[in-house]
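Chains as they are written, first to last, in my numbering: chain Y, 1 to 456; chain W, 1001 to 1523.
Rather than coming from a laboratory, the hints here were simulated on the basis of the structure. Yeah, the Cβ is synthetic: ideal placement off N, Cα and C, and Gly gets one too. Please note that the accuracy of each hint is not assured.
[Stated by the list, open to error] Quick look at which bits of chain W chain Y covers, simulated, 3 or more residues with Cβ under 8 angstroms:
(1) 1033-1047
(2) 1077-1086
(3) 1183-1195
(4) 1484-1492
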Amino acid sequence: MQRPLAPAFCLFFIACCGFAARSQTRDFSPVPQDTVLLSKLCTNYQQHYKEELSQLPPTNKKDFQEIYGDRWKNIKEKFDKREIYTDADAQKYLDALAGEVIKANPGLAATPFHCYFSRSYIPNASYIGEGIILFNMGLFDRLANESEAAFILCHEISHYILHHQENSMNKYVTTINSEDVQSRLRKIKNSEYRKSEQLESLVKGLAFDSRRHSRDHEAQADSMAVVLMRPTRYDPAGALTTLALLDGVDKDGFDLEGDLQQIFNAKEYPFKKKWIKRDDGLLGGHARLKEEEMSDSLKTHPSCPLRIKLLTPMVKGRNAGGGVVDPAKFAALKERFRYEVIEYAYASDDYAESLFLSMELLQARPGDGYLVANIGRVMNGLYRAQKAHRLSKVVDMPSPGYPANYNSLLQFIQNLYLEDVASISYYFLGAYHPQLDRVTLFKAAYEESGRNLKEQ
Amino acid sequence: MRYSTKTGFSMLLAAVVSLSYQAVRAGDGKLSIDKVYAAYLRNSGSIIAKNQIKGYFFLYQSDKIDKHTNQYTLQILDENLNKVKDIKFEDTKKLSLLESSYNGNTISFLFKNEDNKTLDMKIYDFDGKLKYTYSREFDKKTDELMKEYETRHTDEGMNKNVFDLGDRGYVSVLPMRDGKQRTYEVDYYSSVTKSQWTYVPTDDEEKYAFAEYMGCTDSLIILQVEKRNHAMSGKSSSHIVGINFISKKKQFDVDYVNEDQILVPSSVVPLEGTNHLMVIGSYFDKGDNIDKDFSKGMAVYEITTTGKILTKSYNSWAGDFAKYLPTNRKGKIDDVGYLYIHKVIRTPDHKLFLVGEGYRRTANALGIATTVLLRSNAMGVTKIMVTDMVIMQFDEKYKVCYAQIYDKNDNTATWSNVSDYNSQHLLATYLKMTGAFDYEFTTGDEDNSNFSVCYSDWVRSSDYKGQTFNTIHYNGKKFTTDKIELKSKASTMRVFPAKSGNVMILEYFKKDKRLDFRLEKLG
């Protein structure tokens, strides 16, 4: 049922409009990362990890150490690659969002955890170990209100307090070292023929078991999240709208090829159809491969409609409103994060993603200084990389596994020769010169594109 | 990198690889999957269509079924190194995969089955379903000749025997030996219906014939055939042979010896939008011995699909080429030597480019000393150097109108006594057969509107000392050059041909026992 427009939502709407109006005159500039803080945090968590290692069970200790070591490696990478967002203002807000949950659930105080924003564009959140919950900007900027954000936090907190990850690791190590699996492996080793067939059967059984647990964990985390939300001021119905959002999160309503033809069609260097030419055959990178039917028993997550169905009775009758902590800040951060993910994609050498996200947002905000400048900056980066024979380090190759629009962008990049990249960048930026010269990033990109063109 | 709906495939070309199973860890003394199972890579190679790399195949032995039979997994990767198909099948344990070709609708694989002594052509559709299998017998002598035949090209990574004929099917050109007779056979394999036939040359003069596939039209398979009257005969003749794969008959066989000149074809290019073919090669005066005498220049003939000559254009070394290159009447260019033509490229705007590489004979100081002091001529008193790259352009009347020398280091190609006794023509053939030229391959758009000529070099400068991979790139208007230095943090770095306009860079890191492949666009 459609909810009436609450006063809080109106405020939020006004705040959004206000920001949009301001963005015409104030161009985005990324928040500088606090490297000292990142290093300090990483050192603290490393200490925690070392203490954890000393408490691992003595049986199969080496395997436990290895699997916990892998988990730590992943955590450390988040700090080393500056994925953790260090902006104090955003952190304060996230702490307040989580604080509301802790305040209403005093039992949580006994198991301290820390939430951070991740600068990743991927619409996801995760508990990564050592009491760290990451909330990706790419998910936050798609949410409608604070209750939805709270559900995401509560879901990850549930994974943490229910020790889902640790239980899975424990189960994995114990199973592999069990007498049953070991005797089956011994039998396979001693077989001369049809080893592969026997292994396939063993692996399928293990995967079935592990994924069933994974699905159980997700359902448990959903239920526990609603339980944690109930005593708070957040609306537990946010769980249902969030899951509905996640169900369609991979879809984009963006005509990328049309957009490419429009924005890179300069009078001096008109768009060439061959830039978007692709081979749809099996070997061209755009094949439509027949998905091997994954039975429900082999999926790691239950489907979103099923999760909604399971949660609906738990949230029935509650309608507390979406905004609790600071709806204006929520809206402002959402706005900021749409740009921060673009900046981080570029900073982490993911040029194709940075270009994709910039083009997508530029469609809605034509002439935006940062977006225009970033498109030029990425094209210049592609020029440098291609010249140094390192293009594959900053862009993916087209693959049947990618969404169609992103794959079209990758093909476009593959189809360009060096002189095309230089010319496209120069004439694209030239259309905004001198209007955008006030934007430092734009000025630098425009000058670099001019130098690149001269080289050709 | 964007999150994918599938797990990305990382290509590890290792002798032992895990195919389908994650390596499961287990404690000391305990078993893990990687300790009980391994798949072995038997063969790998490129999948070719219209002379371009479209993908890659890897044939793994994935299991043993019984004493005589293995299970194989044929893994197909697309041009961007994404895994797109796994085909599992059982076959004899004495199986190897020779070559693969692609025609947009199907993929063909030529297997050698040593158990049955057959060459098996298997044609699969995109779902990995086997459409047709064609078998033909081979014997030991054929096998030996096939190995010899494989060394006759320098375009690394490209097919030697199997080629696509558009959406109709495939052709293989196999060298044959029957007693003292050395000849060839052409096998046609349909991908549309179950149909196969073999063309066997029957002419007397084809007792000593070596055929090379040049290309196809919508009905013709075009071969360049070098024939000798006798196995040890010093005189040979070069022919263009057209075999009609619709009528299953030889349509023409011409040797282009006229009143004044002899044309020795080295390339045939079908002319888009017409039924004509362009034949390019060296020409000699009538009566010359093409194995011993110097060529007079380069000739371009336009012919019909029945072999009839429509136009002839001659470019002499002494006259036409001398306007653009410092050439003498024997075709020798100052500081470059003689030219070997590696590639003929025709662009959509009808420009014709020839890619040549210089070679010359020089005194071999060490060989002279050895000959004098030890009375042994095993090293030869001369040696052959491969010199600069040369790009030549011809106008619409096939007259040379531009030539440019691209300097590279003079690299020693051979210093055995082969260099002392052989003619320029035979030396060039020998250098090509042994892969001694620095030219690697040409890559670019299918219509040649952009192309890059690739060659290796060895640089000794104050900034860099080592091997380099070089390209001369044509963008439809002008030529530019690009260079990759092959000395990096990796223990070994090599460059292979890849999809159009790209190269595959292989880096081996000895310390980490890691092999990285990546595709890179040429600048």
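Structure-based check of each hint:
1. 1033-1047: holds (count 6)
2. 1077-1086: Our answer is that it holds, as 7 residues pass the Cβ test (under 8 angstroms) against chain Y, meeting three.
3. 1183-1195: violated (count 0)
4. 1484-1492: Per the Cβ count (1), the hint is violated.
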